[in-house]
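Enquirer: So that you can map any letter, position 128 of the sequence shown is 152 in the numbering used here, and since no number is skipped, the others follow by simple counting.
Heads up, a few of these hints could be off.
To be verified - Pair ranges (Cβ atoms, derived): (1) Thr68 / Ile88: 29 to 39 Å; (2) Ile102 / Ala81: 29 to 39 Å; (3) Leu47 / Val159: 18 to 28 Å.
Read the hints as simulated data drawn from the structure, not as lab findings.
No residue lacks a Cβ here, since even glycine has one placed at the ideal position from N, Cα and C.
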Amino acid sequence: MKRIVGSNRVDRKAWQKWRHVVLYGVCVFIGVIVNVSTIFAQLTHAAFFQPMLKSTAMVGQSTIFGGARFGWVMGNDIHKFVVGASYHAMLNTVPSNLPPTLTPRGLLSPDLHSNYGGLEIEYIHRVMPLWDFSVGVMLAGAGTTLAIKEDIPNKPVYFSQNWNYWEPHIGVQYALTTWCKADIQCSYRFVSGTGNHYTITADNLQAWAVSIGVRFGRY
Numbered sequence: 025m026k027r028i029v030g031s032n033r034v035d036r037k038a039w040q041k042w043r044h045v046v047l048y049g050v051c052v053f054i055g056v057i058v059n060v061s062t063i064f065a066q067l068t069h070a071a072f073f074q075p076m077l078k079s080t081a082m083v084g085q086s087t088i089f090g091g092a093r094f095g096w097v098m099g100n101d102i103h104k105f106v107v108g109a110s111y112h113a114m115l116n117t118v119p120s121n122l123p124p125t126l127t128p129r130g131l132l133s134p135d136l137h138s139n140y141g142g143l144e145i146e147y148i149h150r151v152m153p154l155w156d157f158s159v160g161v162m163l164a165g166a167g168t169t170l171a172i173k174e175d176i177p178n179k180p181v182y183f184s185q186n187w188n189y190w191e192p193h194i195g196v197q198y199a200l201t202t203w204c205k206a207d208i209q210c211s212y213r214f215v216s217g218t219g220n221h222y223t224i225t226a227d228n229l230q231a232w233a234v235s236i237g238v239r240f241g242r243y
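Produce the entire structure from the sequences given, and follow the hints as far as they go.
Expert: Next comes the structure, spelled out in structure tokens:
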């Protein structure tokens, strides 16, 4: 019986030709995995909690938001990256400046209230032993509520709307102690969404903001 060996010879020749490339690729892959694991192991990991106040504007009216933020910090002494979440709620209601609406008490203009929360990503650079500079962005979902306060039947009438916030910021932190940093940030709130409250649009909610807070944590 005649043996067919042609295909085996071709496979053997192909392996001899490419085996060095394959072995080199395997070695490079293993080296990358080892180096990444070493770098990751050398990074420091920490966390912080931050209560904060934010001064901004809604529908052209000055308002104050109170909020809190949690962040997971990864990096070295100079460069750090933060992934976390935050939530902010308006501490006061503001006039919406909308046309009055007919209620049992007559023509009334509704008040506006808002809150928002979501993901925060930040880069921190140590510029001096006690000073850090940061730049980051918050990606959040937001809700605004218009309330027409009536005496009869003694319950407000609510109209709600959801929005998407994208708020980049820059900030400076100063180390008060080894576990406490004062923080001040400047940001701008970009808003998008569908629909509106009467005549409130995303443009009415976009504004500059300045926030102050204290970060509790060692990093």
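Enquirer: Each hint needs a verdict: does it hold in this structure or not?
Expert: Status of each hint after checking the structure:
1. Thr68 / Ile88: 29 to 39 Å: 35 Å, holds
2. Ile102 / Ala81: 29 to 39 Å: Once the Cβ atoms are compared, 36 Å apart, the range 29 to 39 Å for Ala81 and Ile102 holds.
3. Leu47 / Val159: 18 to 28 Å: 44 Å, violated
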